[in-house]
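Everything in the sequence shown is counted per numbering that gives the first Met the number 0, starting at 0 for the first residue and increasing by one.
To be clear, the hints were calculated from the coordinates, so they are not data collected in a lab.
C-beta atoms are modelled at their ideal positions from N, C-alpha and C, and glycine is treated no differently.
Accuracy of the hints is not assured; some may be wrong.
Claimed, not checked - Have a look at the derived ranges for each label pair, beta carbon to beta carbon: (1) Gly23 with Arg44: 30 to 40 Å; (2) Asp36 with Ala4: 17 to 27 Å; (3) Trp15 with Leu45: 35 to 45 Å.
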Amino acid sequence: MPLLAVLIAIPYAGIWPNTAQLLGVGIAAFGLILSLDGFAALVRRLRYGRDHWTAPS
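Given these sequences and hints, build the entire structure.
Below is the structure:
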């Protein structure tokens, strides 16, 4: 769950998350970004045969 979603949910829940919970959400969001970036690189590699940005024109 992205950190922004947690911050948006605070007024509705009426409870502030503790530091460990916010840190956990931040780490999870960072891991999601890394995994999506890695997945995008894999798709590019499969689609173009090699990295599209370094392939010769």
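Hint-by-hint comparison with the structure:
1. Taken as a hint, the range 30 to 40 Å holds for the pair glycine 23 and arginine 44, whose Cβ atoms sit roughly 31 Å apart.
2. Taking the beta carbon of each, aspartate 36 and alanine 4 are about 20 Å apart, inside 17 to 27 Å as hinted.
3. At roughly 44 Å, the beta-carbon separation of tryptophan 15 and leucine 45 lies within the given 35 to 45 Å, and the hint holds.
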